[in-house]
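A.B. asks: Assembly of the complex is requested from the two constituent chains, each provided in isolation within its own frame, with the hints serving as guidance.
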Amino acid sequence: MFDFLYEPWPWYVAGPIIGLTVPILLLLGGKMFGVSANLRHVCAACNFGNVEFFNYDWKTAGKWNLTFLVGSVLGGFLGGYIFENPEPIALSMSTISDLQALGIQDFGGLVPNDLFAWEMLGTGVGLTVLVLGGFLVGFGARYAGGCTSGHAISGLSDLQLASLIAVIGFFIGGLLMTYFIYPIILG
Amino acid sequence: MKLSEYIKYLLIGTAFGFVLVKSEVVSWFRIQEMFRFDSIHMYGIIGLAVIVGVISVQIIKRKNMKDVYGNPITIPPKDPKQVTRYIVGGSIFGLGWALLGACPGPMFALLGSGLTIMIIPILSAIAGTYAYGMLRDKLPH
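For the protein sequence lines, the chains are A and B, in the order given. The first sequence runs 1177 to 1363 under this note's numbering. The second sequence runs 120 to 260 under this note's numbering.
Think of the hints as simulated: they come from the structure by calculation, not from any bench. Any given hint might turn out to be false.
Derived coverage of chain B by chain A (criterion: at least 3 residues anywhere in the stretch with Cβ under 8 Å from a Cβ of chain A; other residues may be distant) [said to hold, decoys possible]: (1) 125 to 137; (2) 168 to 176; (3) 179 to 190; (4) 202 to 215; (5) 220 to 234; (6) 246 to 259.
Remember, predicted model here, so these are calculated numbers, not experimental data. Glycine residues also receive a C-beta, built at the ideal position from the N, C-alpha and C atoms.
Pulled out of the complex, with its shape left as it was, chain B reads as follows (with noise of 0.2 Å):
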């Protein structure tokens, strides 16, 4: 990668964590309102975010848009046979999110506004991505 590509990516990111401090998206209180259905706040966020999301991409794949390289824009399509992978997965992923209030954008978001005891969530998180790795072959998807 060049020093060209890692500044993008960079600032995309950036753009992207400000985001999530700024709309409190990052906020345990709010996981805890959006699970309550107390507030539309998360609600209209993730419904604008999606919304947004599909009108490009529909554009995107209609117009056959090509990327700043010039190459072909494609989406790999995930398997939607594989229904236990994301109804207990999800379900597993649910159970962590409600409980640490934070999904794993938020956590690093968090660890850089100064909440340094992020780092055991995301060490955790890491190990808990290494226990599926050896698990995997064993549960079912």
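So here's chain A without its partners, still in its complex pose (with noise of 0.2 Å):
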């Protein structure tokens, strides 16, 4: 009965659930969807070298949002851990080729664990995809005003114009390291 806990949720069942969540948290709370506002209520919670940019109330802005994110961990720990997807992902055949061309072993797990690992941690293109990336994730989330969630979600459901231009800026810069400088870090 509840095999599909076990199971690969397809696009189409999780589209519209990740889409939901936009009206539940209006409805349920008046609040505006985004995961990155968290890392700014993170820096504003330890403002040590007291930035204006972090100085507002964090507890007031963010406590809903960080409870959220505890949430998104604990969902984590039982989609990937309690409930663990049994097979490889069905990536296409031109993705795997791709990427074995660039060097990728391991096609078992959610990450490259030949990739995502703490010995990774020592060399030029382990610090490279987990110490720069996020920086990056980081960095470009705030400058851009939202991530993932808070422009591509929340601000395309309210057709925000500002929304859509973030969202192409994404790619801009995902097509950048995918074509060009994703082959010369790992090559």
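C.D. replies: Okay, structure coming up:
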């Protein structure tokens, strides 16, 4: 009966559920959905350099959002650990051959375990992907005023032109990385 | 915030994290596949999420619906004139999204799934956010 909890969920099931996050948060709390604001709240909570951008009452602004974030870690634990998808991801063959050409060997989990490992922190590739990658995500999300959830889901749901421009930006950067920079990093 | 509110947001967040993992949105592989236009998977998810979002937000706005506390629902508009910040900031985010293969939500869901190494990109993302806060006045918006 609960077999679906152990199966990967197809895109046409997951998409609508993720979309429902927007009205649920609006109706149940008057809140606008966005994950990267939490990164700002953390900076505000430990604003050691007294940066003006982080001088606001993060508790009032961010408690609900940080609670949501703790929930998403818990959801990740349930979905990825307790009810882990059993099979390797059904990727397209052309992506697999592209990535194999770049030296990716392991296609068994959610991420390539030969890249996302603690030992990789001692290598240039590991530092680039894990440290620089995270830094660019945090810097860019705040510069753009939101991330995938804030702009691509919430902002587009409200038909905000600003969010459409930001999403175009996401793809400019993403395509540059995928086609021109990643081959150099992994090469 | 009351305890019941903590529980409410915790449960919504849990459902969110659960879907992200079950649908493989958190996967580095799926993001690589998306930027190679090799599958409908990520486009289907984001597209359907936006369609459901647009329909529900339009209903909420046209019916002037109130939230559970009886407050009118207002969505603060984003300033579409700040094109530079959306294009440049967005592109920087996109570089990171493709490089790390995860955006902020998935970083935390992956941590929960047992991938402890994700604490490093999370700390880096916080550092990146802090760096933006320090440089904000010097950056074009």
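A.B. asks: All the hints need checking, so say for each whether the structure fits it.
C.D. replies: Outcome of the hint check:
A count of 12 residues in the segment 125 to 137 of chain B with a Cβ less than 8 Å from any Cβ of chain A is obtained; the coverage claim is therefore met, three being the minimum. Counting residues of the segment 168 to 176 of chain B whose C-beta lies closer than 8 Å to any C-beta of chain A gives 8; at least three are required, and the coverage claim holds. Proximity of the segment 179 to 190 of chain B to chain A, defined as three or more residues with a beta carbon under 8 Å from a beta carbon of that chain, is established by the 6 residues found. Against chain A, the segment 202 to 215 of chain B contributes 13 residues with a C-beta closer than 8 Å to a partner C-beta. That satisfies the three-residue criterion, and the hint holds.
Here's how the segment 220 to 234 of chain B fares: 14 of its residues keep a CB closer than 8 Å to some CB of chain A, so the rule of at least three is met and the hint holds. For the segment 246 to 259 of chain B, the stated coverage by chain A is satisfied: 10 residues place a CB nearer than 8 Å to a CB of that chain, which reaches the threshold of 3.
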